[in-house]
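**Q** Quick note, the sequences are listed as chains A and B, same order.
Just so we're aligned: the first sequence equals residues 1 to 309 in the working numbering.
Just so we're aligned: the second sequence equals residues 1 to 250 in the working numbering.
Be a bit skeptical, because a hint or two may be false.
[What the hints assert, rightly or not] Each computed EDC-like pair below joins lysine to aspartate or glutamate, with the alpha-carbon atoms no more than 20 Å apart:
| no. | chain 1 | residue 1 | chain 2 | residue 2 |
| --- | --- | --- | --- | --- |
| 1 | A | K183 | B | E103 |
| 2 | A | K180 | B | E103 |
| 3 | A | K180 | B | D98 |
| 4 | B | K123 | A | D174 |
| 5 | A | K180 | B | D142 |
| 6 | A | K108 | B | D98 |
| 7 | A | K183 | B | D32 |
[To be verified] Distance ranges between label pairs, derived from CB positions:
| no. | chain 1 | residue 1 | chain 2 | residue 2 | range |
| --- | --- | --- | --- | --- | --- |
| 8 | A | L175 | B | D142 | 19 to 27 Å |
| 9 | B | A138 | A | V197 | 51 to 59 Å |
| 10 | B | T79 | A | L287 | 31 to 39 Å |
| 11 | B | R119 | A | F78 | 37 to 45 Å |
| 12 | A | T128 | B | H150 | 56 to 64 Å |
| 13 | B | L141 | A | G54 | 20 to 28 Å |
| 14 | B | R19 | A | L125 | 47 to 55 Å |
| 15 | B | R119 | A | L14 | 31 to 39 Å |
| 16 | A | W273 | B | F24 | 25 to 33 Å |
| 17 | B | N147 | A | G54 | 17 to 25 Å |
Everything labelled a hint here was simulated from the structure, so no lab data went into it.
What you are looking at is a predicted structure, and each value in this text was computed from that prediction instead of being measured.
For each residue, glycine too, the CB sits at the ideal point set by N, CA and C.
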Amino acid sequence: MQIRSPGVWACVALAVAAVLFALLATNPYHTSLVVWILTNAVLAAALRFVLQIGELNIATAAFFGVGAYTTAICAVLFGWPFWLTLLLAPLLAALLSALFGWVTLRTKGPYFLLVSFAFTEVARLIYTKINAIGGNSGLVGMFPPMAIDAHYPAFAAALLAAALFALYGVERSDLGRLFKAIKNNDAIPRSVGLNVVFLKVLCVVISSAAVGLAGGLHAYTNNVIAPSDFSYFVAILALAYVKIGGEGHPLGPVVGAAVLTLVGQRVAGISAWENIFYGAVIVVALLAFPGGLVGLAARSRGLVRRDAR
Amino acid sequence: MNGDASTIVGGEVILRAERLERRFGGLTAVSDFSFELRQGEILGLIGPNGAGKSTTFNLISGFIHPSDGRLFVMGRDVTGASATTISRMGLVRTFQHDSLLSEMSVVDNILVGASHRQRGHEKRLEKVREVAAMTGLADHLDMIAGNLPHGLQRMLSIAIALAAEPRILCLDEPLTGLQGAEVVAALELFERLRTAHGLTILLVEHNMRAVMRACDRLIVLNYGRLLAEGPPEAVSRNEAVIEAYLGRKR
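Generate the whole structure from the sequences, applying the supplied hints.
**A** What follows is the structure, encoded as structure tokens:
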């Protein structure tokens, strides 16, 4: 695994700065905003991660929910230790996504997108129907242990940043190259002895482990979760982050999540207009700067030659 | 397991098709087609457009499965096996169209080819250098494959296959669109692969002069059926082949 990119140290510096800010800032609104941005960044990066194999995975939202519910159930209902509940979130999300991917990733065309949408909504409906996990109102009372409670935002920010780097590391590795090959022309990897279905499942599993961890952290950040937090709309927003930030660059989802989350704080009050606002932003971004903000910045500095397609 | 051993060139049978048949709805693309490929030979598969050559290629490489008949690779029954499995057994194919990863660099293309056999990035890179040197791609490693000149694109599709270390290399029209000197270079490469690397080659090709020169033996398909089989000179004098392949004699 090799991370070689001119921007990688800038990314490390940015992550360290975010964690330090979450550690040192005194205004709780600001610290939780950092965690919220990084959570959205992980969701967007995970969505983009599966876009590598050419699939739009709406179930990114579902596995975020699986992570959150796993942690919340284990913490609130079973009273299991903090570390274990956080460890189980990505594990269960990965396991379930392996089953989900094994069944759904054999087809080509729009089927995966449709099934991932249905899966997400079914998962949400299942949460609402089970009274033991709070039904419609969800679960309350997930708190980090006293020892790290004061610095929990910094702790969460560090793990979320680590998840982002992990996704980036895989993307830059030989495995990431195989994901791109599958999207480009999947007959080639098949012809040289690679198991394309397995690789696609692996891609979804890695992505889901990342959002599963983000879900587990989210449960402790928010202290309360509800089924409606994990509707397909979470993935649509993640797609907006990816498109605004720029799909072509690993920093795109992070930039998109930061910009839209901050802007979202301004429009949150005018609730009826919120979705229209997001929709308009996506359309304008796609028309005006299809490479996203990162693509726009790179082009203005003459850093990119025109992409092949 | 290996039936008759009427050797012309090369040794044991390493690929055997037994009465292969493939139907697409009402259309029978390949029917009652049996042939053998022997270790170390260069076998040409020829026939007019629509004769079933591509279907045969897809069948033996596991990209589609036969409606009837059996397929053996190195004595093992691989009828119905996946393309991945057959490739791992050492039968690697190239493609006539979309034969490379057009949006990725030449290095990345060959790296993907080496991904399964070679463990570790360094070993894969070593393989890339070796294969690129053989196929004349060493000076173009950083180019995007889709931007390569046509001749080098054909070479790259062969390089991807070679990186997977095949024992049987199946080339689907590798010479299409190549210039004179490029054809000569490609034919020299095939010969070198056979003699220096012990490869067995199955060649589908339209360039008749090249086929006559390169192949030890030809099989001719017409309307999905075996029309003729034998050494190039004999096949080129075969009346039925001339009529089917070149049109009626004037």
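**Q** Taking the hints in turn, state whether each one holds.
**A** Cross-check of the supplied hints:
Taking the CA atoms of A:K183 and B:E103, the gap is near 10 Å; set against the 20 Å cutoff, the hint holds. Our distance criterion of 20 Å between C-alpha atoms is met by A:K180 and B:E103, whose separation comes to about 9 Å. Taking the CA atoms of A:K180 and B:D98, the gap is near 15 Å; set against the 20 Å cutoff, the hint holds. Restraint check for B:K123 and A:D174: satisfied, since their Cα atoms lie roughly 12 Å apart, inside the 20 Å limit.
Pair hint A:K180 plus B:D142 holds up; C-alpha atoms about 16 Å apart against a cutoff of 20 Å. For a cut-off of 20 Å, the pair hint linking A:K108 to B:D98 stands: about 17 Å separates their Cα positions. With a CA separation close to 36 Å, the supplied pair A:K183 and B:D32 exceeds the 20 Å bound. Taking 19 to 27 Å as the suggested C-beta distance range, the pair A:L175 and B:D142 conforms, at roughly 21 Å.
A beta carbon spacing of about 34 Å between B:A138 and A:V197 contradicts the range 51 to 59 Å that was offered as a hint. In this structure, B:T79 and A:L287 break the distance hint of 31 to 39 Å, their C-beta atoms being roughly 52 Å apart. Between B:R119 and A:F78 the CB atoms are about 41 Å apart, so this pair conforms to the stated range of 37 to 45 Å. Look at A:T128 against B:H150: about 59 Å separates their beta carbons, and that is inside 56 to 64 Å.
Between B:L141 and A:G54 the beta carbon distance is about 25 Å. The supplied range of 20 to 28 Å therefore holds. Between B:R19 and A:L125 the Cβ separation comes to about 53 Å, which falls inside the hinted range of 47 to 55 Å. Checked against the hint of 31 to 39 Å, the C-beta distance between B:R119 and A:L14 comes to roughly 34 Å, which is consistent with it. Here the CB-CB span from A:W273 to B:F24 is close to 54 Å, at odds with the stated 25 to 33 Å.
At roughly 21 Å, the beta carbons of B:N147 and A:G54 sit within the given window of 17 to 25 Å.
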